[in-house]
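Asks: Spelled out from the first residue to the last, the chains are:
Protein chains: 2
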Amino acid sequence: MLNFDLYTPTRILFGRGSETKVGSLLAGRAKKVLLHYGGGSIKRSGLYDRIKASLSEAGIDFTELGGVQPNPRLSLVREGIALCRREGVDWILAVGGGSVIDSAKSIAAGFYYNGDHWKLHLEGGTIDAALPVSVVLTIPAAGSEMSDNSVITNEETKQKHGFAHPLLRAVFSIINPELFFSLPKEQLAYGTVDIMSHIMERYFTPTANTDVTDGMCESLLKTILKNAPLILEDMENYDAWSELAFCGALAHNGLLGMGRAQDWASHKMEHELSAHYDVAHGAGLAVLTPFWMRYVYKENLPIFAQFAANVMGVGGGIRDMDSLAREGIARLDAFFTRMGLPKTLRDLGIGGDRLEEMAKKCTHRVSGPEQPVGGLKKMHWQDVLAVYSAAQ
Amino acid sequence: MLNFDLYTPTRILFGRGSETKVGSLLAGRAKKVLLHYGGGSIKRSGLYDRIKASLSEAGIDFTELGGVQPNPRLSLVREGIALCRREGVDWILAVGGGSVIDSAKSIAAGFYYNGDHWKLHLEGGTIDAALPVSVVLTIPAAGSEMSDNSVITNEETKQKHGFAHPLLRAVFSIINPELFFSLPKEQLAYGTVDIMSHIMERYFTPTANTDVTDGMCESLLKTILKNAPLILEDMENYDAWSELAFCGALAHNGLLGMGRAQDWASHKMEHELSAHYDVAHGAGLAVLTPFWMRYVYKENLPIFAQFAANVMGVGGGIRDMDSLAREGIARLDAFFTRMGLPKTLRDLGIGGDRLEEMAKKCTHRVSGPEQPVGGLKKMHWQDVLAVYSAAQ
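Which chain is which? The protein sequence lines are S and R, in order.
Letter by letter, the first sequence follows residues 1 to 392 in this note's numbering.
Letter by letter, the second sequence follows residues 1 to 392 in this note's numbering.
Keep in mind that the hints were calculated from the coordinates and are not lab data.
Some hints could be false.
Repeated chains share a single entry, so a pair holds when one copy, or any two copies, can fit it.
No farther apart than 30 Å at their CA atoms in a straight line, the calculated lysine-lysine pairs in the DSS-like style are these [unchecked claim]:
no.	residue 1	residue 2
1	Lys-119	Lys-378
2	Lys-226	Lys-360
3	Lys-222	Lys-298
4	Lys-298	Lys-226
5	Lys-361	Lys-52
6	Lys-185	Lys-360
7	Lys-119	Lys-298
8	Lys-298	Lys-343
9	Lys-119	Lys-360
10	Lys-43	Lys-31
11	Lys-222	Lys-343
12	Lys-158	Lys-343
For reference, chain S alone in the conformation it holds in the complex:
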């Protein structure tokens, strides 16, 4: 086990009706709130009105900024920063999924920052203050409700990059699984892959002696494998949504990666797809992850065999680890199929003409020498291209 530093201060209020507490939770702490959200779904569902009522009852003044899109845009973040400064906002309330929360966090980080905002994301600058952020979650997927980072897309340069800082952890996040009943099935499927990926990016490690986090990763993955199909059958299954959403928050708060080297190549390879083709993050991950696994599994055969046995339930001996590992990957593939997920880049509408360009951008985030991606296997641009090519 490696030395580690665990910090998960976000308070989670979980359960039926919990969004009605938002006003009382902010009372006495926030004077002027930015209510940040996406499109019309929270208005159609009535959530928007309930949140406004809760804020008004608590006597909290607020201004608002809607219009966050999937793969949230830098331009709206800049607009949010200017708005918050102009209106004297002292707290941001994100009502939405990962895109809204990430947009809110980026605004929070930029509020006190005087440099070029994009550089924070691109070069990983530093901040010493941020506006406090709270969340009412509408999609369990990104884990941003408990994580310390924000991923923003620069639509001009077609770059998508994360910025992480302890100050970006939400003060509190409200998770009511009833709010997920009206999601389309594809959002369930994409969210499921994103949550699983947050766990697997940490699970597939070169580090030894990681029993605690191995076991938690495996049990959460098994919980997802059981419950996501139950939701697919009945989109109003409260208990199954509860399990998935609880997994979503824990998957990305940092706990599961403590004491172990992490990978993150799949996420970085996917960010190129989203930046260039605006595909859903979960859809891109569903395509790339199994191809990445087949490309790298021999780097650490035992952890892939362990995944097959302990997560995917492949029985029998472990004397032929290669077959065991491959059967584990095949079963993950089958699970993704069952969830109705895309299998190839073609399914995402991505042709072969920009693969090399994306592969090179993936490992050349900033100018200068190449920065290979991945903690399990160091992936150079040629490796990334090989995965993209296999996934065509």
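Keeping the supplied structure of chain S fixed, place chain R upon it in accordance with the hints.
Replies: Chain R in isolation, oriented as in the chain S frame:
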């Protein structure tokens, strides 16, 4: 799953040499620290000198109060509160195990409190401020390094009671497994039981649909079953201590009990043993827990069968759940034997003459009507007496 409120703000710094960071972590935050500890072990090991050096290097003024005993005493807490007020202490640094940390937290709670301090513990009063507490852990067992509570013994009235409040969560806790190498084997065994009990008190629940927390409880228990015997064989096994200590912090920070009714009868029954006979908490738990299990398992046969299958590795069908459950308990018993733990009250030096008195105190914490203990099965004093009697 029940609605829940999760809050685990304690930062954990884990790994070799991490205690040397204590000064830099407190610099700029603490002006006058109370260094709180137990007996001479931290002086003999050199830890005391290293901590003092780290504080001095960071230019932090401190005063000190040693002498914390196992089952930490109310009288020393009162002395600590007076000392902190007199010396203008603004931060408490607990260097020790659960007793030292609990003593520190109780002092922290009492610093701003004007009522009778014991009433906080006895009647669960409320506070609106507390001194910040930080920890350098020397025994993984009590989980107080990440929990929100403090258990104190009133040596005059022979009562042992906990007080819990979010303000009692440590700001940061430092866990260096190397500090555990010099512990005696019985401390390992007692700590192992205490950690397992913190998990099992949450695991044995009447609540359904608790996949996330079931799975995490099971994986942590299995991690302990694997690693505690490895330490017993080699008290300087860093990796195995790391697994046990990580489990210890997670076992009692609240996460594993989210969304489920909890039990806690075994802990409350044990507190009477500790209060009346000053036995080690872990030793008392090792004796009582299997007898409690046999007394209550029919209340929720499926969760005890699940424990047998998923934690204790009992194979075969689940059509005879009763046998499955009993085999699970028998294997836990066998594990405790392997760890060299006591099996009966007689082994603890406890005779039969005060069992009824303890049983009645257990369910009559304060005057007035009886308050049965236990979330799985409501235990009246006669039930508690039945467990004590079986354990003789």
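Asks: Each hint should be assessed against the structure and marked as holding or not.
Replies: Consistency of the hints with the structure:
Proximity of Lys-119 to Lys-378 under the C-alpha cut-off of 30 Å is restricted to the intra-copy arrangement: shortest distance 25 Å within a copy versus 59 Å between copies. In this homomeric assembly, Lys-226 and Lys-360 never come within 30 Å of each other (Cα to Cα): the closest approach is 38 Å inside a single copy and 45 Å across copies. In this homomeric assembly, Lys-222 and Lys-298 come within 30 Å of each other (Cα to Cα) both inside a single copy, at 23 Å, and across copies, at 28 Å. Proximity of Lys-298 and Lys-226 under a CA criterion of 30 Å is satisfied in both settings, with 28 Å inside one chain copy and 27 Å between copies.
Taking CA atoms no more than 30 Å apart as the test, Lys-361 paired with Lys-52 passes in neither setting, with 42 Å inside one copy and 50 Å between copies. Taking identical chains as interchangeable, the C-alpha atoms of Lys-185 and Lys-360 are never at most 30 Å apart, the minima being 34 Å within one chain and 56 Å between chains. Taking the shortest Cα distances, Lys-119 and Lys-298 never come within 30 Å of each other, neither inside one copy (37 Å) nor across copies (61 Å). Proximity of Lys-298 to Lys-343 under the C-alpha cut-off of 30 Å is restricted to the intra-copy arrangement: shortest distance 22 Å within a copy versus 48 Å between copies.
For the homomeric pair Lys-119 and Lys-360, the shortest alpha-carbon distance inside one copy (20 Å) is at most 30 Å, but the shortest distance between copies (66 Å) is not. In this assembly of identical chains, Lys-43 and Lys-31 lie within 30 Å of each other by CA distance solely inside one copy; the values are 24 Å within and 50 Å between copies. Proximity of Lys-222 to Lys-343 under the C-alpha cut-off of 30 Å is restricted to the intra-copy arrangement: shortest distance 22 Å within a copy versus 36 Å between copies. When the C-alpha separation of Lys-158 and Lys-343 is checked against a cutoff of 30 Å, the pair qualifies only within one copy, where the shortest distance is 24 Å, while the shortest distance between copies is 67 Å.
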